[in-house]
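Novice: Chain residues, written in single-letter form:
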Amino acid sequence: MLLEVRDLHVEFKTRDGVAKAVNGVNYSVDEGETLAVLGESGSGKSVTAQAVMGILDVPPGRIAGGEILFKGKNLLTMKEEERRRVRGAGMAMIFQDALSSLNPVLSVGAQLGEMYEVHRGMSRKDARTKAVELMDRVRIPAARQRVGDYPHQFSGGMRQRIMIAMALALDPSLIIADEPTTALDVTVQAQVMDLLAELQREMSMGLILITHDLGVVADVADRIAVMYAGRIVENAPVHDLYAAPAHPYTRGLLDSIPRLDQKGQDLYAIKGLPPNLLAIPAGCAFNPRCPMARAACRAEVPPLADVAPGRASACFFWKECLGG
Amino acid sequence: MAEPILEVRGLVKHYPLTQGILFRKQIGAVKAVDGVSFGLAAGETLGIVGESGCGKSTVAKMLVNLERPTAGAISYKGQDITKLSGRALKAVRRNIQMVFQDPYTSLNPRMTVGDIIGEPYEIHPEVAPKGDRRRRVQELLDVVGLNPEYINRYPHQFSGGQRQRIGIARGLALRPEVIVADEPVSALDVSVQAQVVNLLERLQGEFGLSYVFIAHDLSIVRHISDRVAVMYLGRIAETGTDTQIYDHPTHPYTQALLSAVPVPDPGARERRERIILTGDVPSPANPPSGCTFRTRCWKAEARCAAEVPLLAVPQAFPSGPAAHPSACHFAAEKRVVPPAPPTPGDADG
Ligand SMILES: Nc1ncnc2c1ncn2[C@@H]1O[C@H](COP(=O)(O)OP(=O)(O)OP(=O)(O)O)[C@@H](O)[C@H]1O
Ligand SMILES: Nc1ncnc2c1ncn2[C@@H]1O[C@H](COP(=O)(O)OP(=O)(O)OP(=O)(O)O)[C@@H](O)[C@H]1O
Ligand code: SF4
Ligand code: SF4
Ligand SMILES: [Mg+2]
Ligand SMILES: [Mg+2]
Numbered sequence: 001m002l003l004e005v006r007d008l009h010v011e012f013k014t015r016d017g018v019a020k021a022v023n024g025v026n027y028s029v030d031e032g033e034t035l036a037v038l039g040e041s042g043s044g045k046s047v048t049a050q051a052v053m054g055i056l057d058v059p060p061g062r063i064a065g066g067e068i069l070f071k072g073k074n075l076l077t078m079k080e081e082e083r084r085r086v087r088g089a090g091m092a093m094i095f096q097d098a099l100s101s102l103n104p105v106l107s108v109g110a111q112l113g114e115m116y117e118v119h120r121g122m123s124r125k126d127a128r129t130k131a132v133e134l135m136d137r138v139r140i141p142a143a144r145q146r147v148g149d150y151p152h153q154f155s156g157g158m159r160q161r162i163m164i165a166m167a168l169a170l171d172p173s174l175i176i177a178d179e180p181t182t183a184l185d186v187t188v189q190a191q192v193m194d195l196l197a198e199l200q201r202e203m204s205m206g207l208i209l210i211t212h213d214l215g216v217v218a219d220v221a222d223r224i225a226v227m228y229a230g231r232i233v234e235n236a237p238v239h240d241l242y243a244a245p246a247h248p249y250t251r252g253l254l255d256s257i258p259r260l261d262q263k264g265q266d267l268y269a270i271k272g273l274p275p276n277l278l279a280i281p282a283g284c285a286f287n288p289r290c291p292m293a294r295a296a297c298r299a300e301v302p303p304l305a306d307v308a309p310g311r312a313s314a315c316f317f318w319k320e321c322l323g324g
Numbered sequence: 001m002a003e004p005i006l007e008v009r010g011l012v013k014h015y016p017l018t019q020g021i022l023f024r025k026q027i028g029a030v031k032a033v034d035g036v037s038f039g040l041a042a043g044e045t046l047g048i049v050g051e052s053g054c055g056k057s058t059v060a061k062m063l064v065n066l067e068r069p070t071a072g073a074i075s076y077k078g079q080d081i082t083k084l085s086g087r088a089l090k091a092v093r094r095n096i097q098m099v100f101q102d103p104y105t106s107l108n109p110r111m112t113v114g115d116i117i118g119e120p121y122e123i124h125p126e127v128a129p130k131g132d133r134r135r136r137v138q139e140l141l142d143v144v145g146l147n148p149e150y151i152n153r154y155p156h157q158f159s160g161g162q163r164q165r166i167g168i169a170r171g172l173a174l175r176p177e178v179i180v181a182d183e184p185v186s187a188l189d190v191s192v193q194a195q196v197v198n199l200l201e202r203l204q205g206e207f208g209l210s211y212v213f214i215a216h217d218l219s220i221v222r223h224i225s226d227r228v229a230v231m232y233l234g235r236i237a238e239t240g241t242d243t244q245i246y247d248h249p250t251h252p253y254t255q256a257l258l259s260a261v262p263v264p265d266p267g268a269r270e271r272r273e274r275i276i277l278t279g280d281v282p283s284p285a286n287p288p289s290g291c292t293f294r295t296r297c298w299k300a301e302a303r304c305a306a307e308v309p310l311l312a313v314p315q316a317f318p319s320g321p322a323a324h325p326s327a328c329h330f331a332a333e334k335r336v337v338p339p340a341p342p343t344p345g346d347a348d349g
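If you read the protein sequences in the order shown, they are chains A and B. Mapping of the first sequence onto our numbering: position 154 corresponds to residue 154, and the numbering continues sequentially without gaps. Mapping of the second sequence onto our numbering: position 247 corresponds to residue 247, and the numbering continues sequentially without gaps.
Take the hints with a grain of salt, since some may be wrong.
As the list claims (entries may be wrong) - Below, computed lysine to aspartate or glutamate pairings styled on EDC-like, alpha-carbon distance capped at 16 Å:
{"hint": "1", "chain 1": "A", "residue 1": "LYS271", "chain 2": "A", "residue 2": "ASP255"}
{"hint": "2", "chain 1": "A", "residue 1": "LYS263", "chain 2": "B", "residue 2": "ASP142"}
{"hint": "3", "chain 1": "A", "residue 1": "LYS263", "chain 2": "B", "residue 2": "GLU67"}
{"hint": "4", "chain 1": "B", "residue 1": "LYS334", "chain 2": "A", "residue 2": "ASP261"}
No wet-lab data here; the hints were simulated from the structure.
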């Protein structure tokens, strides 16, 4: 397994108390595989990714437990220097907002080249050549002419390609893309997702795609992990999950999206609101909103249990959910 | 179509581009909206879709008189409101209200929910006499599914979905006939989005409202709209009923847009044909000649650069579902959204 996150816990100290943002997350991704991490705003998708990448805001954040195994080695118990080396060479991240993740006063060529100068000890001239190559690879037209341009001179879609180029520079084996196309128009989103999927296939990288768009997941992912209140509530191959969800929350999400191919009747709406992380409901965190909830759900936290090979659900009554 | 409640003809908004500090000289214009026409029947929902910057919000602002058109007419029940002023304008404006996209910034954080929803009564006291306002506001809170006791709370005490309900209640305060909703659910999570969409549909039935519903999410627009207008660079590329646009599109831009929408069905991966557009949307300050879509269109020919295609029913399709207005010289039907698979329930039974 390329990356394995085991029982990860992350908390934030806030003015009003401790916010339990991540409460025992388990997921894994293999080489050449795309894992989609789906969940509503605040469910802990980005915080989990930040813990993996080592860019968590500490303090106020704190990893309160768990393991992050990269190629079998636990990043959390490594010496700082080794950890930095392993991460630097092996993984890279793409953010939603390319404009604020790029340096506005440096040309994109300089920013791409810097990766090679700093990490590979290349000369400035060679690094420049590499930068143009990278820009070509992510299909920036006229890369040689545009290598000296600044981020603001590119459109949103092109900036996101430059972010992808940055992430690819050092040939990582894992890429985490945190809502890489959320800010883009659908036609540009399609261009960028296509590019990302193609490069991933070519280089056989592991890809963790964080999104809240069930359409994007269906289009590109092999597997999907659904998060709710800082936990994985369902983990499954995409085809299986869309065919028959094994958790009431997943079922609710699938039922609540309008469809492009038919007009449909009233939308199903999950009642209530996502939980306050300072006061997560006892038992199953989803119980106040769950149409199937009963006494057992308020008494105990349902474990993430296997429902089939490669499939797990954190609902006591997953059988009922699958069946109905 | 029945007698339209709202009719827009040749609407144009150009923002001047100026240069120089002492002597500001106009050097060009951002053609944000460049000749848009549509009608809205009573009780109907018109969806407007298109990519960022195509002019959707500018159209919305002109409809509610937040922007003055450069040219064109907006008729409300036969009366051109762009020609009105003073008391006559005020009376008409009451009937066309707006709901904004961003539930986080469109509400004044220092005002209570009661003051926010009741604010329109300050401008139109004739709608609700002072003594009656509190009761009215509580009624509105109830209508949009919020607890009437929340009347003294502040916006930050509400979630995004609840804030959007507050914005909707405010839009309803003056009992308008037309609501212009600019991306009203774009900022919300999927589960909350469904709640607000259902609310809008329920209110439409209850109060006989007409909606102009602006969004970039094509699935939501299909769900809520009776008719749809697809915009590109300040103009309407294609317009028709939801079935005509989604199942029988004839404009290459609509086809590309629809084919790019990710469908929540992994099985559709193989069944779908993707049209990947190259390049970016040109600047509205310097749009291409002829058909403005030609720089990204895979069907473009010489004629497209020379001649502006008019929004009209294509001659090739005088009847049938493809017979709806499309601004393309070579309009041709192409189905890009695969038909819905039978629902699992049907297959089992
Ligand atoms: N630096 C921080 N300080 C305090 N709380 C934080 C911090 N970063 C994240 N959190 C909290 O952790 C929780 C999970 O946040 P996270 O960013 O992982 O959500 P997400 O699932 O990525 O949501 P979104 O879809 O909105 O990006 C949130 O409630 C957030 O407020
Ligand atoms: N006050 C203004 N001055 C100059 N240009 C403007 C002004 N307002 C809007 N524009 C420009 O007009 C064009 C249309 O903008 P508009 O906000 O109507 O687009 P939109 O379709 O609503 O986009 P989005 O989906 O991003 O909301 C854009 O190019 C925009 O930059
Ligand atoms: S454990 Fe209970 S409350 Fe939680 S999802 Fe399952 S049925 Fe619903
Ligand atoms: S008029 Fe020409 S460029 Fe425009 S959409 Fe039709 S074929 Fe394409
Ligand atoms: Mg996030
Ligand atoms: Mg807008």
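Novice: Is A/LYS263 within 16 Å of B/ASP142, Cα to Cα?
Specialist: violated (28 Å)
Novice: Verify the proposed pairing of A/LYS271 with A/ASP255, using a straight-line Cα cut of 16 Å.
Specialist: Holds, at about 12 Å.
Novice: Assess, step by step, whether the Cα of A/LYS263 is no farther than 16 Å from the Cα of B/GLU67, and give holds or violated.
Specialist: Violated. A/LYS263 to B/GLU67 sits at ~33 Å, over the 16 Å cutoff.
Novice: Given the proposed pairing of B/LYS334 with A/ASP261, does the C-alpha separation stay at or below 16 Å?
Specialist: It holds: about 14 Å lies between the C-alpha atoms, which stays within 16 Å.
Hints 2, 3 from the earlier list are contradicted by this structure; the remaining hints agree with it.
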